[in-house]
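Single-letter residue listing:
Number of protein chains: 2
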Amino acid sequence: MAGEVRQLDDRKLAVLRAIVQDYVGTEEPVGSKALVERHNLGVSPATVRNDMAALEEEGYIHQPHTSAGRIPTDKGYRLFVDKLAEIKPMSAPERRAIRHFLDGAVDLDDVVARTVRLLAQLTRQVAVVQYPSLTRSTVRHVELVALAPAKVMLVLITNTGRVEQRMVDCPGPVGETVLADLRTALNSRAAGRRLPEVPGLLEELPAMFEQADRPTVSTVLATLFETLAEQNEERIMLAGTANLTRFGHDFPLTIQPVLEALEEQVILLRLLGETNDAAMTVRIGRENAYEGLISTSVVSVGYGSGDESVAKLGVIGPTRMDYPGTMGAVRAVARYVGQILAES
Amino acid sequence: MAGEVRQLDDRKLAVLRAIVQDYVGTEEPVGSKALVERHNLGVSPATVRNDMAALEEEGYIHQPHTSAGRIPTDKGYRLFVDKLAEIKPMSAPERRAIRHFLDGAVDLDDVVARTVRLLAQLTRQVAVVQYPSLTRSTVRHVELVALAPAKVMLVLITNTGRVEQRMVDCPGPVGETVLADLRTALNSRAAGRRLPEVPGLLEELPAMFEQADRPTVSTVLATLFETLAEQNEERIMLAGTANLTRFGHDFPLTIQPVLEALEEQVILLRLLGETNDAAMTVRIGRENAYEGLISTSVVSVGYGSGDESVAKLGVIGPTRMDYPGTMGAVRAVARYVGQILAES
DNA sequence: TTCTGGCACTCGTGCGTTCAGAGTGCCAGG
DNA sequence: CCTGGCACTCTGAACGCACGAGTGCCAGAA
Numbered sequence: 001m002a003g004e005v006r007q008l009d010d011r012k013l014a015v016l017r018a019i020v021q022d023y024v025g026t027e028e029p030v031g032s033k034a035l036v037e038r039h040n041l042g043v044s045p046a047t048v049r050n051d052m053a054a055l056e057e058e059g060y061i062h063q064p065h066t067s068a069g070r071i072p073t074d075k076g077y078r079l080f081v082d083k084l085a086e087i088k089p090m091s092a093p094e095r096r097a098i099r100h101f102l103d104g105a106v107d108l109d110d111v112v113a114r115t116v117r118l119l120a121q122l123t124r125q126v127a128v129v130q131y132p133s134l135t136r137s138t139v140r141h142v143e144l145v146a147l148a149p150a151k152v153m154l155v156l157i158t159n160t161g162r163v164e165q166r167m168v169d170c171p172g173p174v175g176e177t178v179l180a181d182l183r184t185a186l187n188s189r190a191a192g193r194r195l196p197e198v199p200g201l202l203e204e205l206p207a208m209f210e211q212a213d214r215p216t217v218s219t220v221l222a223t224l225f226e227t228l229a230e231q232n233e234e235r236i237m238l239a240g241t242a243n244l245t246r247f248g249h250d251f252p253l254t255i256q257p258v259l260e261a262l263e264e265q266v267i268l269l270r271l272l273g274e275t276n277d278a279a280m281t282v283r284i285g286r287e288n289a290y291e292g293l294i295s296t297s298v299v300s301v302g303y304g305s306g307d308e309s310v311a312k313l314g315v316i317g318p319t320r321m322d323y324p325g326t327m328g329a330v331r332a333v334a335r336y337v338g339q340i341l342a343e344s
Numbered sequence: 001m002a003g004e005v006r007q008l009d010d011r012k013l014a015v016l017r018a019i020v021q022d023y024v025g026t027e028e029p030v031g032s033k034a035l036v037e038r039h040n041l042g043v044s045p046a047t048v049r050n051d052m053a054a055l056e057e058e059g060y061i062h063q064p065h066t067s068a069g070r071i072p073t074d075k076g077y078r079l080f081v082d083k084l085a086e087i088k089p090m091s092a093p094e095r096r097a098i099r100h101f102l103d104g105a106v107d108l109d110d111v112v113a114r115t116v117r118l119l120a121q122l123t124r125q126v127a128v129v130q131y132p133s134l135t136r137s138t139v140r141h142v143e144l145v146a147l148a149p150a151k152v153m154l155v156l157i158t159n160t161g162r163v164e165q166r167m168v169d170c171p172g173p174v175g176e177t178v179l180a181d182l183r184t185a186l187n188s189r190a191a192g193r194r195l196p197e198v199p200g201l202l203e204e205l206p207a208m209f210e211q212a213d214r215p216t217v218s219t220v221l222a223t224l225f226e227t228l229a230e231q232n233e234e235r236i237m238l239a240g241t242a243n244l245t246r247f248g249h250d251f252p253l254t255i256q257p258v259l260e261a262l263e264e265q266v267i268l269l270r271l272l273g274e275t276n277d278a279a280m281t282v283r284i285g286r287e288n289a290y291e292g293l294i295s296t297s298v299v300s301v302g303y304g305s306g307d308e309s310v311a312k313l314g315v316i317g318p319t320r321m322d323y324p325g326t327m328g329a330v331r332a333v334a335r336y337v338g339q340i341l342a343e344s
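If you read the protein sequences in the order shown, they are chains A and B. Residue 1 is where the first sequence starts when you use the numbering used here, and the numbers rise one by one after that. Residue 1 is where the second sequence starts when you use the numbering used here, and the numbers rise one by one after that.
Warning: the hint list may mix true and false statements.
Just the calculated beta-carbon pair ranges, DEER-fashion [unchecked claim]:
id, chain 1, residue 1, chain 2, residue 2, range
1, A, 38, B, 254, 25 to 35 Å
2, A, 225, B, 180, 23 to 33 Å
3, B, 91, A, 204, 53 to 63 Å
The set of hints was computed from the structure by calculation and includes no laboratory data. Ideal Cβ placement from N, Cα and C applies to all residues, glycine included.
I would like the entire structure built from these sequences, with the hints used as guidance.
Okay, structure coming up:
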């Protein structure tokens, strides 16, 4: 590892940085002459050519054909992101705009919807926002509503404002007092607790009721546990697919597989799932496990109402994207969503 | 009107039908020779050419350049749909598959999600399904949950299984008995009623409470009315955008504006809103009000749990689509969703 | 009257050729 | 270790050309 990097002196890194920047801007392979013109590297094209040859040798850049300019490889982008680029902070007016746009949200659905649209607009790419996960959030309230003699609706409200409801078909008629007792018992034990711990806290609950009511209690509890456990309820919202057409058109990146991937919630969830909670994660090209996304990069980060993240959001774009800007936008949006969630 | 049609004898109509069918299949302008080969029209290419000239004169078909085959115009498709095509019924195995696929749904979200995916898969086009509208459905239950001394959560459950929730910040602390009274009063008056009638039924409700509690009651009611009235809460689910790439590629239809239109819920809602409730509606090309969709056709129909429709669903594809098949699929899916909703 | 076969005409498409420009690698000299 | 120069390579655009598909029209047959 050190061996590789040792060979890249500062000027070669500067050349790589310049190549990435130019290529992202122009979308065309960049040659030695154009490079020295646009960036004042203080050396001649010939020198740059030698550096380029070295960079290509190491696999950071690549030329489509002889006598064409160079384009960065996935490895080149990786180095750029890790060592050469700094996250570009949003400007003050941009931050104000984000804040203002998100502040208007009325409920959780709206927060997520606004966030995803905002992110798509800021980055001009495809944005993905995961709903705050049930697993990490806590119970705010459990409500039981009798709809019919033997039919109860169970409503679970979490601290993130998410509401899940389930119909419960009880084995027999349910008395209103039993329901009230159960409601009280549930809330006193579960409120404020994290969802995964709840089942453990309710184990001996049936034993507290009369023999006749136990089947009902058990049925309700079973449905509640099911709801708590349902990982696949993790939902996702998407926006900005129209931005795909901005590239794709004249590029090896055909949008078909990308669109297909975007329709599969499972794939998106897995994609976001790979995000390292704490820091921002950038997956470049073939680093993405999914075949259809090998020409794209995914920039994602966790967000949350407190200091810990309850869900993730991110952006999907071509590997040739403006990483500093995109990362800046993603980070800023994640922060503000976290604040909004904490307030509500 | 009669004047125009009078000039089109049976054979000319047959030629138009054949042109539409061939063009939909091959995506290439169809010439006179190919036509007589594939369909046994019993006449020579020269005759067909004369008929084609007449059809072109009337504006039903059009040739991209001299010495190219003909393609149908919007007007041609319109005639085809109105007079020449019959809705193609689904085969028994297809119907079974639809039934089976939809039967597995667990809640309303799931029903809609499955429906839209199914429709996209069956037609291989973009499918759109509107959530059952709040306006036409009835109240099944209203629940009030005290979250904090002066904070109440309002949950509205409709007969279509839809659940809407809102936080209510009350002017002062709310007693549990007041809440219970209000809950009872609300449900006894509103349950089973259509959403738009509800506000009228609750007008004198505040007068029934003690002076001190009236501000609270009014606040809750205001939020409830807001929720009932919120037309913009009409949600929509989309699937099959990847199918756009199947055409678009080599066609005057660029997918960009279509993708943009699909991201605008407002546009989709307006599109579906134009659907004639009772019958199936087909909007062809420029018949669509929206600029971005002038190269597409929209096939839509209402669906509902009873005999009246509570929402709409449809398919968006290129004007050169298989109308009989698409209409068959749309009709079949709408029927089965209606059944599922009625059962639950 | 209506259909048919024939014929001249029009274009779009595909293919091979040419040409200019951009970019490279390498080498010898500062 | 950098630089200027030079020969080489390759792509992409432009051009010309021939081919084929398809048409419109006309005169003759049914």
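Provide an ascending list of the numbers of those earlier hints which the structure does not satisfy.
none
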